[in-house]
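2 protein chains.
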Amino acid sequence: MQTTTVNIIGSGNVAFHLVQHLVNIKSVRIQKIYARNPKAFQQLFDFHLPITNDISSLHPADITILTVSDSSIEEVSQQIPYSNQLVVHTSGTTSFEKIDNKNKRGVLYPLQTFSKTKKNLDFSKIPLCLETEFEKDFVSVQNFANKLSNNIYKISEEQRKHLHLSAVFVCNFTNHLYALGEDICKKNQIPFEILQPLIIETAEKIKNLPPNEAQTGPAIRKDTQTIEKHLELISDSATKEIYALLTNSIQKYNGKKL
Amino acid sequence: MQTTTVNIIGSGNVAFHLVQHLVNIKSVRIQKIYARNPKAFQQLFDFHLPITNDISSLHPADITILTVSDSSIEEVSQQIPYSNQLVVHTSGTTSFEKIDNKNKRGVLYPLQTFSKTKKNLDFSKIPLCLETEFEKDFVSVQNFANKLSNNIYKISEEQRKHLHLSAVFVCNFTNHLYALGEDICKKNQIPFEILQPLIIETAEKIKNLPPNEAQTGPAIRKDTQTIEKHLELISDSATKEIYALLTNSIQKYNGKKL
Numbered sequence: 004m005q006t007t008t009v010n011i012i013g014s015g016n017v018a019f020h021l022v023q024h025l026v027n028i029k030s031v032r033i034q035k036i037y038a039r040n041p042k043a044f045q046q047l048f049d050f051h052l053p054i055t056n057d058i059s060s061l062h063p064a065d066i067t068i069l070t071v072s073d074s075s076i077e078e079v080s081q082q083i084p085y086s087n088q089l090v091v092h093t094s095g096t097t098s099f100e101k102i103d104n105k106n107k108r109g110v111l112y113p114l115q116t117f118s119k120t121k122k123n124l125d126f127s128k129i130p131l132c133l134e135t136e137f138e139k140d141f142v143s144v145q146n147f148a149n150k151l152s153n154n155i156y157k158i159s160e161e162q163r164k165h166l167h168l169s170a171v172f173v174c175n176f177t178n179h180l181y182a183l184g185e186d187i188c189k190k191n192q193i194p195f196e197i198l199q200p201l202i203i204e205t206a207e208k209i210k211n212l213p214p215n216e217a218q219t220g221p222a223i224r225k226d227t228q229t230i231e232k233h234l235e236l237i238s239d240s241a242t243k244e245i246y247a248l249l250t251n252s253i254q255k256y257n258g259k260k261l
Numbered sequence: 004m005q006t007t008t009v010n011i012i013g014s015g016n017v018a019f020h021l022v023q024h025l026v027n028i029k030s031v032r033i034q035k036i037y038a039r040n041p042k043a044f045q046q047l048f049d050f051h052l053p054i055t056n057d058i059s060s061l062h063p064a065d066i067t068i069l070t071v072s073d074s075s076i077e078e079v080s081q082q083i084p085y086s087n088q089l090v091v092h093t094s095g096t097t098s099f100e101k102i103d104n105k106n107k108r109g110v111l112y113p114l115q116t117f118s119k120t121k122k123n124l125d126f127s128k129i130p131l132c133l134e135t136e137f138e139k140d141f142v143s144v145q146n147f148a149n150k151l152s153n154n155i156y157k158i159s160e161e162q163r164k165h166l167h168l169s170a171v172f173v174c175n176f177t178n179h180l181y182a183l184g185e186d187i188c189k190k191n192q193i194p195f196e197i198l199q200p201l202i203i204e205t206a207e208k209i210k211n212l213p214p215n216e217a218q219t220g221p222a223i224r225k226d227t228q229t230i231e232k233h234l235e236l237i238s239d240s241a242t243k244e245i246y247a248l249l250t251n252s253i254q255k256y257n258g259k260k261l
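Chains as they are written, first to last, in the numbering used here: chain A, 4 to 261; chain B, 4 to 261.
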């Protein structure tokens, strides 16, 4: 298989997991990594990185991946010292048009939650959502993406924005519900680990069952007595409001045809 | 190991999964199952059940498990034709005092989400929360529970009520967020399966990381621009309200010391 050379720009969570994965792929070679603080990024790895804090020293690569924050994409992409090369960003919410148009632009959006503190992440299972400015570049991005993951999707900008929104619901908001659940446990000297099997089963269940069919609990049963008991148990007013709103939403949603 | 005889009262989701598990445990013998509609319950299994629709025909067993709905526990427990035996219910929200006091009362609350349509559930990993009226009965319930699961907890009524509340957050409400996420995908012709790896990783992540440390996304980053873009994308007003409330809650919660 032909070796693909890659420049990585940025040193955040996405860059960390990307680098960790790419070094293990034989047909990919990391040509250069640009980080504002090379030392700090290098320290996260136990192998030597080809890293620089001088973006103007980068040379063209088969693909350049911008992993910087959404608000920096425009400015940083202008500093890339070459043109007419394939440059993709990894943002769920940003148009490829934010990338300076001296290069051939695209998107490689990995749909996952990245934390540096959670190191063992199987990147090959992460869905990669691809888009390119020019149709003829799509195959190049696709070939590269296929080396990284078994889950490749062609996703338009409009779809990607909605996918990112959806991810906020199923990941960020869900995690916050875990935090609220843990809070209730802590206040009552209950080990939060008791809830682990339930949390995993809830997530696993919808692999085969649409979420609205998998819905259980007092809201869907219209068990008013339990709902009222629960509201009495919640001391925090913001948490009480979340309980009431989500309970209402479950009851309304269930009758709704999509 | 000594064989424990069991009577099961009720034919809902908990009874279904309990029976499916108990028949595979050598040291447990299902003595009788009471169901209002024995035929319907029998049809869920490909083996013959000792089942009756006449509760007065039940004989004492080592343990009697009431799996009926919370509101039926009191009435059905009065109809049990024996006394001074161990009778437990499986409810997260109900006091054991709802069980008629002619028997020795307790609770065996399996903390899991049960659907008949999701048949492959590993019961041995389900946390069982135990409580008994009399201290001397606890060992009997514990010995029985140890045959069923590797996750046994002694949980008081007050703790159990809060645990059940917490389960509503991490399971029922979480599942509803999955449903809202799926809704956004459907409206934009995005296959919901794209979100599966993210959903699983979000659930897996908190095995090792406390939820408030695992929090990612625009709310915790205080990324106002993305939050506003998201609110614009949401057409349904109830969903918009959920987005705003959970975003606020994440931002408030993070600074809060527990």
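Hints are not guaranteed to be accurate.
Which copy is meant is left open, so a pair is good if it fits within one copy or across any two.
[Stated by the list, open to error] SDA-like cross-link-like pairs, simulated, lysine to any residue; straight-line CA separation at most 25 Å:
1) LYS190 to TYR85
2) LYS150 to GLN34
3) LYS232 to PHE126
4) LYS128 to ASP140
5) LYS189 to LYS255
6) LYS128 to THR242
7) LYS105 to ILE237
8) LYS101 to MET4
9) LYS232 to ASP49
10) LYS35 to GLY220
11) LYS210 to LEU124
12) LYS255 to SER240
13) LYS105 to THR7
14) LYS157 to GLU204
15) LYS225 to PRO194
16) LYS150 to HIS62
17) LYS210 to PHE126
18) LYS42 to ALA148
Think of the hints as simulated: they come from the structure by calculation, not from any bench.
A quick look at each hint next to the structure:
1. LYS190 to TYR85: neither (57 Å within a copy, 40 Å between copies)
2. LYS150 to GLN34: So LYS150 and GLN34 pass the 25 Å test inside one copy only (16 Å; across, 57 Å).
3. LYS232 to PHE126: neither (43 Å within a copy, 28 Å between copies)
4. LYS128 to ASP140: within (23 Å within a copy, 49 Å between copies)
5. LYS189 to LYS255: For LYS189 and LYS255, the Cα distance is within 25 Å only across copies (18 Å; inside one copy 32 Å).
6. LYS128 to THR242: neither (34 Å within a copy, 29 Å between copies)
7. LYS105 to ILE237: Classified as neither: same-chain Cα gap 56 Å, cross-chain 34 Å, threshold 25 Å.
8. LYS101 to MET4: neither (32 Å within a copy, 69 Å between copies)
9. LYS232 to ASP49: Intra 53 Å, inter 39 Å, cutoff 25 Å: neither.
10. LYS35 to GLY220: Classified as neither: same-chain Cα gap 52 Å, cross-chain 28 Å, threshold 25 Å.
11. LYS210 to LEU124: both (20 Å within a copy, 14 Å between copies)
12. LYS255 to SER240: Both: 23 Å inside a copy, 12 Å across copies.
13. LYS105 to THR7: Within one copy, since 21 Å is at most 25 Å while 76 Å is not.
14. LYS157 to GLU204: Answer is between: at 22 Å across copies they meet the 25 Å cutoff, but 30 Å inside does not.
15. LYS225 to PRO194: Neither: 29 Å inside a copy, 30 Å across copies.
16. LYS150 to HIS62: Within one copy only: 22 Å inside, 65 Å across.
17. LYS210 to PHE126: both (19 Å within a copy, 19 Å between copies)
18. LYS42 to ALA148: neither (28 Å within a copy, 54 Å between copies)
Comparing the model with each numbered hint stated earlier shows that hints 1, 3, 6, 7, 8, 9, 10, 15 and 18 do not hold.
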